[in-house]
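**Student:** From first to last, the protein sequence lines are chains A and B.
Reminder that position 293 of the first sequence reads as 303 in our numbering, one-by-one numbering, no gaps.
Reminder that position 75 of the second sequence reads as 57 in our numbering, one-by-one numbering, no gaps.
Hints are not guaranteed to be accurate.
Claimed, not checked - Part of the chain A face toward chain B, derived, beta carbon under 7 Å:
| hint | residue |
| --- | --- |
| 1 | E355 |
| 2 | Q361 |
| 3 | A362 |
As the list claims (entries may be wrong) - Derived, one-sided and incomplete: chain B residues facing chain A with beta-carbon distance under 8 Å:
| hint | residue |
| --- | --- |
| 4 | E(-9) |
| 5 | H(-8) |
| 6 | T(-6) |
| 7 | G81 |
| 8 | E86 |
| 9 | G106 |
| 10 | L123 |
| 11 | R125 |
| 12 | A137 |
Stated by the list, open to error - Derived coverage of chain A by chain B (criterion: at least 3 residues anywhere in the stretch with Cβ under 8 Å from a Cβ of chain B; other residues may be distant):
| hint | segment |
| --- | --- |
| 13 | 340 to 347 |
| 14 | 364 to 374 |
What the hints contain is simulated information worked out from the structure, not anything from laboratory work.
Quantities reported herein were computed from a predicted structural model and do not represent experimental measurements.
Cβ atoms here follow ideal geometry from the backbone N, Cα and C, with glycine treated the same way.
Here's the letter readout for the chains.
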Amino acid sequence: MGPRLPLMLKDAGLTAFVAAALGFFVVGFRTVDQGGGKGLGFDYQLVDLAVAVVAIFVGRLGLSMAANGLRWPAIALGIAMIAAGASPMKLPSGFLHWFVALGGVLLVIRAVWPWANDAMGAAARTPSGVALGKAGAKWFGWLLLAGAVLLPAMPFADQKTMDLGVLILTYVMLGWGLNIVVGLAGLLDLGYVAFYAVGAYAYALLSTQYGLGFWTVLPLAGMMAALFGIMLGFPVLRLRGDYLAIVTLGFGEIIRLVLLNWFDLTNGPAGIGSIPGPTLFGAVFAETPPPGKQTVSEMLGIAFDGNHRLIFLYYIILGLALITNLFTQRMRRLPVGRAWEALREDETACQALGINPTNTKLTAFAIGAMFAGFAGSFFAAKQRFISPESFVFIESAIILAIVVLGGMGSQIGVVLAAVLLIGLPEWFRDLGNYRMLAFGLAMVLIMVFRPRGLISHREPSIRLHPAGSGGGG
Amino acid sequence: MSPPLIEVEHLTMRFGGLVAIDDVSFAARAHAITAVIGPNGAGKTTVFNCITGFYKPTIGRLTLRSPGGEFLLERMRGHEIGQKARVARTFQNIRLFSGMTVLENLMVAQHNKLMRASGWSLLGLVGAGRFRRAEGAAIELARLWLERIGLLADADRPAGELPYGAQRRLEIARAMCTEPVLLCLDEPAAGLNPRESAELNQLLVSIRDRDGIGVLLIEHDMSVVMNISDHIVVLDYGRKIAEGAPLAVRNDPAVIRAYLGTDEEALDA
Chain A
11 MGPRLPLMLK DAGLTAFVAA ALGFFVVGFR TVDQGGGKGL GFDYQLVDLA
61 VAVVAIFVGR LGLSMAANGL RWPAIALGIA MIAAGASPMK LPSGFLHWFV
111 ALGGVLLVIR AVWPWANDAM GAAARTPSGV ALGKAGAKWF GWLLLAGAVL
161 LPAMPFADQK TMDLGVLILT YVMLGWGLNI VVGLAGLLDL GYVAFYAVGA
211 YAYALLSTQY GLGFWTVLPL AGMMAALFGI MLGFPVLRLR GDYLAIVTLG
261 FGEIIRLVLL NWFDLTNGPA GIGSIPGPTL FGAVFAETPP PGKQTVSEML
311 GIAFDGNHRL IFLYYIILGL ALITNLFTQR MRRLPVGRAW EALREDETAC
361 QALGINPTNT KLTAFAIGAM FAGFAGSFFA AKQRFISPES FVFIESAIIL
411 AIVVLGGMGS QIGVVLAAVL LIGLPEWFRD LGNYRMLAFG LAMVLIMVFR
461 PRGLISHREP SIRLHPAGSG GGG
Chain B
-17 MSPPLIEVEH LTMRFGGLVA IDDVSFAARA HAITAVIGPN GAGKTTVFNC
33 ITGFYKPTIG RLTLRSPGGE FLLERMRGHE IGQKARVART FQNIRLFSGM
83 TVLENLMVAQ HNKLMRASGW SLLGLVGAGR FRRAEGAAIE LARLWLERIG
133 LLADADRPAG ELPYGAQRRL EIARAMCTEP VLLCLDEPAA GLNPRESAEL
183 NQLLVSIRDR DGIGVLLIEH DMSVVMNISD HIVVLDYGRK IAEGAPLAVR
233 NDPAVIRAYL GTDEEALDA
């Protein structure tokens, strides 16, 4: 460590100097209105700047130590930073606590990474490691499922947790639906939220105008969305890659603009309100029954609890998501599913094998749209109010990010990515405006460390030799 | 002699002002290997692309007569040529589904048959016995071809992981799994070493003799062309300059001129 330490200190000093020079104008002071016609004055925040510069000095020093194999000093520095960030010590702003602590966490991860990577790699290569990995992969999904089913019974399942659970499951379902289009068939769809909107408005309109119930409309909404998928698909599916992405992006915007401007039908930007929620065998979730209806608490003879409705919604979306998943898993093993994946790999070769590319793409597009339609009518029933604002491009982008970060085509990957991308920002609401920074950082980190998504393993849809017999690889 | 399986008549293909193929006519038979040879840029792959529906010919008629009926290929849509007329092809630059396993590649090749058996997925979704039997038969056909190309042990590996020579053979097996009446091979020996080349020869001869279909072959490797072809068509600058049995073509002065200027030895190489 001896001879290299001065160099590292010099490097860290230089970094801190650059940070101080740049930060002075950004963080170092701000202009304030002095009031009373005295014009603007300066409000210096030199302590903020000093804390940040010291953190950057220590962080940079730690990073170069880690890069030079000095693992333990780097870990010590990282832990010191975490301790400083988490200590009750008074820093000028809450963000600085986060900044210092997260810097420390990143430093520790960086220091431990190569070693952990080697250790995990070595462990995975031992026979018991291989067996464990296989069993883990097999049971992980079931464990997640058991956790999801039991969540409402958990002691920590308050209203906030359940709300978040419903939200995450909605995105899991949308992710699984889009996974058919993007992950399996390889069609880059940037307007997926349009089909979600079709489903939502289908339920909102049919229930408020014609009094149809949730369970009647659900299949209709799916069919309607699938029809829209086919309508869009026919003209555009001859396009490939970027061109298809642009057209689907445009389609998503068209649907939103129609919803916004077709005032007679959709009530425009004001949206549609008092949409009835889903019923349980005809009984509604309410404290007092509407005329001619029965409440669920009466039917079951239990005391009314506002949470019952939430738990019911939770199980509906869990069921819908599982149906999406089972259907996709099943389709993957059918000829049409294999043709989807083949189209993703090489469309020209598919054509040479006599596969009709247009029909095959259309089925993927329509089925993906159908599940978005189901999810949309669930969304309308849950929110009881919808407006075009809920169906903006960023929603499509988030769903696409879930599919890509999860690992194209991986079902479990979608779940992990949805928990990460939807759950974490909700849990970290304390971060305020820096929440989206953390969101972006998480996405960058995933793409740097796992460029093919969280789960890049692809399970063959069919095997000649049983798995693990040594014939396969 | 059996009637021709495919008849190419007055085929002309223009791209703007460029005439890639100029009034080429030839025929290929079942139970025979017909080679199309010629220097680079002679229009060989363009002929293939016309036959397999990737290009629409400017002028000309492509008639395929098989037990399944008579088809005018120039009038059919791209995928129908594989689906209905049962013409299969491979590509100069290998086009496998490299992320999918070897077996999956061969299953995708049997797509249309399996689609019908799965009742356009409806019967398949409910797991009907009819579909399961059809799938079993498809796996058997795939296993048969994996044995013939020596890749049975690699069936569950991603196709992209295979060595180059194996990928070439797999692409041929994939084309054969569509159960074609005419197999078009675009430079199947490109990049193969002499041993792999010899194996390829055996495979192509067995396809001709055992499966009894017509094979149309574009090839630069003269050890392949001269050893296994029954009939050779020579193109140069989009025109047919010679046609006949290998020995006759080899000694044809026009062919020698087109290939080498004057030297004859390189033809034997």
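**Student:** Look at each hint and say if it fits the structure.
**Tutor:** Verification of the hints:
1. E355: Holds - the Cβ of E355 of chain A comes within 7 Å of chain B, reaching about 4 Å at its closest.
2. Q361: holds, 5 Å
3. A362: holds, 5 Å
4. E(-9): Violated - the Cβ of E(-9) of chain B stays beyond 8 Å from chain A, reaching only about 23 Å at its closest.
5. H(-8): violated, 25 Å
6. T(-6): violated, 23 Å
7. G81: holds, 6 Å
8. E86: For E86 of chain B, the interface hint holds, since the closest Cβ of chain A sits about 6 Å away, which is under 8 Å.
9. G106: The hint holds - G106 of chain B has a Cβ within 8 Å of chain A, the shortest such distance being about 4 Å.
10. L123: Given a least distance of 12 Å, the restraint on L123 of chain B is violated.
11. R125: Holds: closest Cβ of chain A sits about 7 Å from R125 of chain B, inside 8 Å.
12. A137: Holds, about 4 Å.
13. 340 to 347: With 5 residues in contact (Cβ-Cβ under 8 Å with chain B), the coverage given for the segment 340 to 347 of chain A holds.
14. 364 to 374: Three-residue rule met by the segment 364 to 374 of chain A, so holds; n is 5.
This entry does not satisfy hints 4, 5, 6, 10, going by the numbered hints stated previously.
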